[in-house]
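Engineer: Each chain, letter by letter, is given below.
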Amino acid sequence: MSTDVTGVSPTAAAAGGAPARRRPRLGPVATTALRLVLTLLGLLTLLFFLVRLSGDPAAVLAGPSATSEQLEEIRTGLGLDEPLLSQYVAFLGDMLRLDFGESVFTGEPALDSVLAVLPATLILVVTTVVTSVVVGIPCGVLLARAGRVARRGVSFAMTLAQAVPSFVLGVGLIFVFAVNLGWLPAFGSGTPATLVMPTIALAAFAVARTARMVAAELEQGEDHDYLRTAYAKGASSRRVLWRHALPNALPAVASAIVVEVSYLLSGAVVVEVLFAYNGIGKRLVDAIFARDYPVVQAAVFVIGVFVIVVNLIGDALVRVIDPRTTRGSA
Amino acid sequence: MTDVLSIEDLWVEAGDPRDPVTLVRGVSLSVEAGSVVGLVGESGSGKTVTCMASLGLAGRGVRITRGSVRLGGTELVGADEPTMRRVRGGVVGTVFQDPLGALNPLQRVGDQIAEAVQLHRGGRRRAHRDRVVHLLTQVGVPDPARRARAYPHELSGGMRQRVAIAMALANDPSLVVADEPTTALDVTVQAQVLDVIRRATKDDGRAALIITHDLGLVAEVADRVAVMYAGQIVEKGSVAEVFAAPRHPYTQGLLASRPALEPGRRRLSAMGGRPPLPGSWPVGCAFAPRCPVAVEACTTPPPVDQSDGRWSRCWHPQVESMEGVS
Amino acid sequence: MSRRSANLSLWLSLGTLLAITLACFLGSALLPDDAGEQALSERLRPPFWSPDALAGSPLGTDAFGRDMLARTLEGGRVSLEVGFGAATGAVLIGTLLGVVAGFWGGWLDRIVMALADVWLAFPFLVIALATVAVVGSDLPVLIALLTLGGWVLPTRVTRTIAQRVRSEDYVVAAAGAGASDAYLMRRHVLPQALPVVLVVWSFTVGALVVIEGALSFLGLGVKPPTPSWGNIMSDGTVYLDTAWWIAAWPATMIVLTVICANGLGNGLRRRWATPDTSRVGEKAAAR
Amino acid sequence: MGVRMRVVSSPSSRRAKATVLGVASLALTVVLSGCGGSDDTASGGGEEVTDAHVTLASTAITNSLDPAAALSSVGRTYTKQVFDQLVVFNEAGEIQPSLATEWERVDDTTMEFTLRDDVTFSSGAALDAEAVAANVTRVLSGDPAYATVAGRLATVASAEAVGEDVVRVVTNAPDPILLNRMSLFDIVDPATFGDDRPAGSGPFEVTEYEEGVKVELTRNEDSWRPSESVKDLTIQAIPNPTTLASALRTGAVDAVFGLPADVVTQLEGNGFETTSMPAGSSAITSLIADVEPKLEDPRVREAINLAVNREEFVDAALGGFGTPNGSQLLQEGYFGYDDSLPSYEYDLDRAEELIAEAGAEGLELPIATTALFKAPAEAVAGYLNAVGFKSEVVIQDLSAFIPTLLQQSEYPLLYWQTDYYDLRDITSVARFGPTAPGQQAHIPVNDYQDLYVKQTTELDEDAREADIQSMASILNEEAGVLFLAWPDTVYSSAPRVGELPLGGDSLIRAEAIVVTE
Amino acid sequence: MSPVLELDAVAKRYAVGGRTLTAVDGVSLRIEAGETYALVGESGCGKSTLARIAAMLGGTDEGRVRWSGKEVSHLGRRRIRAERSHTQFVFQDPSAALSPRMTVGEAVAEPFTITGRSGDVPALLHAVGLDEALAARYPAQLSGGQRQRVVIARALALEPRLLVLDEPVASLDVSVQAQVLNLLADLQEERAISYLLIAHDLAVVSSVADRIGVMYLGRVVEEGPATEVVARPRHPYTQLLIASAPRRDPGERVERIVVSGDPPSPLDLPPGCAFASRCPAATAVCLTQAPPPRELDGVTVRCHHAA
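Chains as they are written, first to last, in the working numbering: chain A, 2 to 331; chain B, 361 to 686; chain C, 144 to 430; chain D, 31 to 547; chain E, 12 to 318.
Quick caveat, the hints were computed from the structure, so don't treat them as lab data. Keep in mind that a hint or two might mislead.
[As the list claims (entries may be wrong)] Some chain D residues flagged as far from chain A (calculated, every beta-carbon gap over 12 Å):
id, residue
1, 124
2, 155
3, 168
4, 237
5, 353
6, 369
7, 376
8, 441
9, 475
10, 478
11, 519
12, 532
[Claimed, not checked] Okay, the calculated beta carbon distance ranges per label pair:
id, chain 1, residue 1, chain 2, residue 2, range
13, C, 250, B, 624, 52 to 58 Å
14, D, 136, A, 100, 45 to 51 Å
15, E, 129, B, 388, 56 to 62 Å
16, D, 262, A, 243, 51 to 57 Å
[What the hints assert, rightly or not] On the chain B side, residues computed to face chain E include the following (Cβ under 7 Å):
id, residue
17, 548
18, 624
19, 635
All C-beta atoms, glycine included, are put in the ideal place defined by N, C-alpha and C.
So here's chain A without its partners, still in its complex pose:
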């Protein structure tokens, strides 16, 4: 199955129209950042209430053998007996100082406990993005340009990669590569070998998406006159592809990957739990199940900041790739 895409994409049109709109403003970056920061605060507020309404950490801590009195004692100990509103006011004050409090569970500062596992997730996201680019772009080229058989093959693989959920793929990988073949560790984090399977489980979808993006961009680009111009100059198909068609496909692909990162973080939650990969996703899930509010809030905060930073970097990257977005037009 190939992506037989024709016509002009709305995103391309929007991207083309955007520069005139946002170029000279002092800060598309600043505006974006401000908006995202405000939203982050809003989201943390939402989370504050959501999480607190969602259940009682004291209950989780107490366990079924506890008595009612013990439960009450733990609640008092955690400061959960105060009215929600005064808890929220205190929370807002703490937020300004980036103080998320201490983990209900371990007593460690929540932000530290989240930041400690951030690098592991960063590495996972980076390897996944790199994989999706390094594998996805050639696959996309094959999808758009290869012969019938290769195209069908790649297309089938991509269809499958897009349809197999990461947790299904992850379970399969563990059974084949860890249990049966014994090539890779089934769980854990910290060593390069532990990255392989989580990366594959997470990247399969991203690879397929990138490949389809690239293929769509390339096929769409086929109608572009500048490619015809390049042929008319005497350039070979290969040169036209690598020097003209692909670079022009990249801004759209890059923006898509930026969006992808936020999906990746969602996917990472599942994959990290499955592979006991000690990253932010696993920490978040643990904290949610333990109703460890401070850690939940810190994790959401860190993930939010991460997404903001990725978006800003992505915007900057697209600007670098595409001169139309940075330099004024006549």
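Please build the complex by placing chains B, C, D and E on the supplied structure of chain A, with the hints as guidance.
Structural biologist: Positioned in the frame of chain A, the structure of chains B, C, D and E alone reads:
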């Protein structure tokens, strides 16, 4: 005089091979060294396809099914890729209609011109900087060294088209093919670009094939003209002869329906009907349904009339003046 | 890809999806009443081709001796209810928001788009985790939650269309003839958006079936004993070694459904190849 | 005394194994048979390894390295390796000396412990009476961080050193199970209170800690009860059961706790060892008449008890790891167990008869529980449906289920496990004792609650045993709860580890692990 | 009788990333009943913006729009709808001006659907020279010329006093352009309708216009009777436009005014005459002072040097 380009009985089709649409049927056309030929026709007449298919630039699904295209002694129909690459940009320079779309938005225009040079002369792109500046000067780009560093979107339409022309001239081709080179431009800029084209072709003794729907453009720069209708050439000859005394009723109608820049309200002479689209060409003479002088015979394919040293594809070429057409 | 094979894959996807849907919604009704009931004496029986297979349980039984065919169909009904329901909800909300925001622009548009940006920039799972913890994961809650998970794409897509269509000459002409905004949206924008919305819907179904699976995998999806493909699979993974069929059937169904939903989306997109539909697939399949 | 330490294989798992299909599993079988994983080769062949590295894994590990800050029993696998208690339970469930060599009840509320004099902490400091008293004082300080551990000490009012090696512990009221309480109390070097890595006197000390992920330990060379063949020990958390099982299969970990029973039997079929032990827990379903008045009718409660085939239940829902129980909460080996109590047996006809008599046909009896008990609760619902009730399982989030259980439920049935393994005493099952205001009663029998209160201060062993047995008999007669089984604690271990040495508290004694290669 | 259309110093500005783009700058014009007013200029000169203002399809920032004496530029969205039938718009690209999803019949009937009036679709089709059998077809099945006729028919449906025609023949094939222009002339005769005709091609305009306005960078630089403007252009820009028109016949030599450079960006207009940078006759005063409109033999010119 020798022909730089010689197209013989060219047939082109497109679409699903099992149910193809014929776009060009038996076009023969030659461009002599040093001459400028205008290929005129309305949309769907096959004028662009004829040229682009000849150069192998018509895109996917467009196939030459019959005929020959010889360029400076090289047969292009069925030629291998290296030959085509040598020809494109080397022997033939091409200018497209939309100067913005024709330039890679991500590359500086100087680099794009340099690439054209590099592809045929080798070396590094930077080595061709002087050549780039020279080319830009040639097409009348002011401050060429600075403009070479600009991106396409930073230039005006006229400047872009000059850059595109410079690119076409990069390797001093013996033939320039220009597809509607001024259509996308403003009137005042059209005139400027027209001058550039004229200088680069007629004045430099370079052969050119200019595809256009604009008879004014032909009148300005071409020596010879070929008029296409429904995938066929219906009339060809010297610009002077054809404009002065068109023989095919279509050519007559076309010339007559041009509005003149004259004071005063008046009725225009109009051709009836509308140009047919590929795939729905009438049998016989394709122009017959619109032709004011059509007769029974016109339902069969008309022969080529070559009397008086003229060339037209009509059962009864009109030798009287065009006043009779309304 | 040729038109013919593109059509083939479209009809194949649609046919398979319909078959799956029919099987799941009607199948459990056609099976014997006690098909899904536990029979602890018949635990972990293999599928029909094995000599140990249990008569009447062609796909084997699970750890409670429940018939996997019945479970898979019943689970499919729940998964598809969630998938179809939430995708439909998402598309309805998205279309409404997108059309209005795109057509009117201004502050409404800015608010909607800012919300969409933020929503996309935030890992949905975080919100899902918190929500499920608060209000549980009954089917209506899950459908509502996943509706929230899927509203952005249809909103963005229909907004783009609305923006484009509102400046189309024929819409301006209608406005010039005195048409109200409601008329323009109903008569011009919606019909244009409809094919795209269907394409988006199709991709969204696939994406949401997967998300339901992911939520179940984390223990936040459909709550047992109500089966869904996600939680059957999730429960079955621990038996992969000896009773692989428990996880395999729902996993296969999820993958098949997603392939078909994506295939349907791709097919429709190609069939109605318009500028609006061209990129939708790449965006839509995101999750 | 029927303490069973056994290597179990249930018949159903054998059958399952025999019918393995599919390429992956076939390949797996080939690979594993290459490793030679039969019971005989595992225990018989190979050399004993000295200075072995062993990795233990479960779905969660401790929340803190400081045992006083423990929030649950989850961390006890860790604390048992690093710290000591004054007394411990042996495998037969009897109190044994540990840090304390002897103890004496001075009066109803005072007890004096005499300590060993050869014990030092891994920090080098000596373990003396002052240190023990300091530990007690710290936990009783009221600091909420120690609330959980303080709860275990409950009755203790104070402790003081009355000699270099003698500690006096004073309780608020007479406490018959003070020794039980002390067996849960880990002694930390007071000099390391508040440190990142508090020092203990056990066979291992901590070298590395990754929060929520793993604890790395190494042999404490100066311990009074040194580790034998194990030098390095890793305690690892792997939350996903599938991954946990895979980790054991791949050899990444040596012993695993917390796997679903079915997985354990699968592993067993693949040559892994299973070690199980009565867990000190009773799987039951609370019947709350407050929610469903029909449950006040003893006939309905009896019918429910007759509806369950407990052998089948244990086999299917507990994977065979447990003992069918139709009689009482406490199991054999626990103080107050009464083997004369009759057991409810599976009797469908009688159950339906009773239901008909009580007019409770079609009674809706949803069962609330948490995800952890999903499988057995589903099995119970299946049995109840089979006798004409309408039952389904409602899975609650743990944080919702605990209040449901401890305070107020809107569901008539609650599936849970009454754990009494920590104190090894009926006092642990406080939920059936007197109810606080606003708290729902699980057992509508006042006599039971009165007896519960009485036995908590009854120092006379015989009188107390009689009280506990009376309680059991009331519960049995009234069919006050749905008895189901006494589940086992189950470990799976790699062939190189063989059978795991467990303490009386069902915890791994890592220092006694023998690794063969 | 008041003019069919009266624009009074209308201006339209857009904010483009912090800067202001002046699309239309103080344009005033009047169109009498039955008159054809042609507005000529190159791309970006603001003629299309002005056309939309005239049809009230885009608002103004300054100035007034009067339709047959009634001021409409201050009306709210709802109230303007009642006035819409006065002025209808014909677009440049007839394929974009018709919904691909509506048949010809539906498209022509749409104004009736919207306003609730009744109308005779076949008659309208006849009026623009189309067979009523085409009513069942979709635009994609028609040629460009036919589509433009459909668009005109739709515009006529509400019997407007004024048609604003934005480059009505620019996208049509040469052989069809004349048909449409002739049709417009016929319709004007039959219905005494007024036209505001927007075009870039003076030649097209010269055959149909009564008055011509030449626009350059948002301003009308020359305006007067068509014959005057074509025969004796007074503004150097008009002269340039006429000189730039391609000649009709080979050998005919037109004296080209050589201008170099491009129009200045509408984002930062020079303080003086906007054309000064390209004007061969520009002097110092042109660079500093914007030329006021001057009346010369019934022609209004904005040039310091026109005579």
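Engineer: Evaluate each hint against the coordinates.
Structural biologist: Hints, verified against the model:
{"no.": "1", "hint": "124", "result": "22 Å, holds"}
{"no.": "2", "hint": "155", "result": "24 Å, holds"}
{"no.": "3", "hint": "168", "result": "15 Å, holds"}
{"no.": "4", "hint": "237", "result": "15 Å, holds"}
{"no.": "5", "hint": "353", "result": "20 Å, holds"}
{"no.": "6", "hint": "369", "result": "25 Å, holds"}
{"no.": "7", "hint": "376", "result": "27 Å, holds"}
{"no.": "8", "hint": "441", "result": "15 Å, holds"}
{"no.": "9", "hint": "475", "result": "19 Å, holds"}
{"no.": "10", "hint": "478", "result": "16 Å, holds"}
{"no.": "11", "hint": "519", "result": "15 Å, holds"}
{"no.": "12", "hint": "532", "result": "20 Å, holds"}
{"no.": "13", "hint": "C:250 x B:624: 52 to 58 Å", "result": "53 Å, holds"}
{"no.": "14", "hint": "D:136 x A:100: 45 to 51 Å", "result": "49 Å, holds"}
{"no.": "15", "hint": "E:129 x B:388: 56 to 62 Å", "result": "58 Å, holds"}
{"no.": "16", "hint": "D:262 x A:243: 51 to 57 Å", "result": "53 Å, holds"}
{"no.": "17", "hint": "548", "result": "5 Å, holds"}
{"no.": "18", "hint": "624", "result": "6 Å, holds"}
{"no.": "19", "hint": "635", "result": "6 Å, holds"}
Checked against the numbered hints above, the structure breaks none of them.
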